[in-house]
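Chains G and V supply the protein sequences, listed in that same order.
Counted from 1, the first sequence has number 284 at position 284 by our numbering; the numbering is strictly sequential.
Counted from 1, the second sequence has number 1120 at position 120 by our numbering; the numbering is strictly sequential.
Hints may be right or wrong, so weigh each one.
To be verified - Have a look at the derived ranges for each label pair, beta carbon to beta carbon:
(1) G:W267 x V:H1228: 41 to 51 Å
(2) G:S163 x V:K1084: 35 to 45 Å
(3) G:D88 x V:R1010: 51 to 61 Å
(4) G:R63 x V:P1126: 37 to 47 Å
(5) G:K278 x V:L1143: 54 to 64 Å
(6) V:Q1128 x G:S163: 55 to 65 Å
(7) G:R63 x V:G1233: 20 to 30 Å
(8) V:Y1139 x G:K36: 39 to 49 Å
(9) V:E1011 x G:D233: 18 to 28 Å
Hints are computed from structural coordinates only; laboratory data are not their basis.
All residues carry an ideal CB built from backbone N, CA and C; glycine is no exception.
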Amino acid sequence: MTEEKQYASFMERIRAGEKIEATDWMPIEYRKLLIKLIHMHAVSEIMGAYPEKEWVPRAPSLRRKLAIMAKVQDEMGHGQLLLRVVEDLSAPLGRTREELVSDIYHGKVKFHNVFHMEARTWADAGVIGWLVDGAAIINQASLLETSYGPYARVLKRICAEESFHMQHGENIILALAMGTDAQRQSLQTALDYWWESLLFFFGPQEVTPAAKQMMHYQIRLKTNEELRQKFLDKYVPRIQSLGLTIPDLSLRYDDSQKKWRYQAPDWHKFSQIVTQNKGPKSEERMLLRKKAHEDQQWVREAMRNHNISISSAL
Amino acid sequence: MNNINDLRYREVLIECLYQMADDKLLLGHRDSEWLGCCPDIEGDVAFSSIAQDEVGHATFYYQLLHQLGEDDPDRLAFGRDASKWRNCMLVERENDDWTYSITRHLFFDQFDQIRLQAMCTSSYEPLQHGVKKMIREEYYHLLHMKTWFKQLGRAGGVATQKLQQAIEKLWPDVNGMFSFAGIEEDLLRFELIQLTPTEMRVKWEAEMKALFQQANMSWPGEFPQLKHDGRKGEHSAALKTLLLTMGEVYQSEPSAKW
Ligand SMILES: [Fe+2]
Ligand SMILES: [Fe+2]
């Protein structure tokens, strides 16, 4: 079959809603878009573990301690599952797991803006679980229909676990909202700090050329703005029902357009944070990842040379 | 001979539960400090699941204590002064490197398995039930740690060198696990436990000697005498720092619900 014919029959499968599998023929552009998206997703899960990791040792009850430990573990697990998907996709391009991980601290792969931000208080940790995971679910659920089979399957498992995370976050938030004045105040402060990041999380309003191509291949099916609107639909009423004030006086639902009007986040500031790792915690967390990876290469080598799988013993 | 109304029975039961609870919570806490920092992502996921088991076990013991009239479990975990902690020193030490954390965990899990087995027929029934469930989980922890130990020992090079250093650093703390701070005779008399500390240590040594051999590691010899006994409330600065961190949020408003 000529390349052209292969491409035509590939697109035919995409249009028919078939799932593409790892060993199927695929256009190099499709492969590269998948790698870009899933690598960023994997790394976001891993780097997303850090803001909460900082609060694991300080969780204020035994129940919360267990819950936040389980949650951070899940995020690392998501990262692991996704990395495997990327590993398979990038093997034909000669890239290894080692590189996929070291790309993080070499600044060769981006991760979500929210994970560059500081988790300053326990309330921040709660808001992360509630709203950041809430935003992530909306994003991930929209990808369940993706044309790439292995990604769709991993997403299914991730989404199931994410809904527990949201409950975990919501539980923390409810306790604070119904708590003392100081607890309620810290919750409001946390919301004020995270709001803009949460809006930015879904990405720019305009459909970029890469996003357009991803939609062409049905890697993703919804635009950034559609997802952001979904987030607002779901969370604005919930936030308000807790008696919290959203730090955007212009926020309102436009009945005629059936859309939320909101104060746009500072696109420039946040894209700098993401593309140049210039967030308040970017450097510190990337350094942590670098240390974990580079300083312990001897451990991985010791394991490889002796080839007994450790994790399978568990 | 379960005589919960006997004052001394109650006293030693409570003391013993503190020893077990505090061991577990601190070990789980130290494990959890590894989150996001393990040598690979797979290791991270596995180690974290072990950490959760440990904190879960601690919670079980604190609940038993609460049922026996001690303070609320969260207050015991987050609001207690260092001098009240009854854990052995081994579990409060800072994590150091991977070989240290793995070996510490191995040493402790082996001890814990022996202690739990010696309690399978404990005269205090609520404890007996919990112990049987925990033994199953601990079996997998021990298997995991033994596998790591063998790998690191046989690998040669840096890994084995570091493992050797870790063992040496841990050695003075081994004896502390087997201290029961003076309640050991009563524990036996009340049939709360079936073995003497010496019997437990002999079992521990036999298991570990076999493992050391499989891992090509040499046995460091006698255990040094204890200098400080954590089970008597004698602790290092590392515990104080840990407790400050662990209680930070809780103590910002101890009466609040979190
Ligand atoms: Fe996740
Ligand atoms: Fe999550």
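Identify every previously stated hint that the structure contradicts and give their numbers, smallest first.
1, 4, 5, 6 and 9
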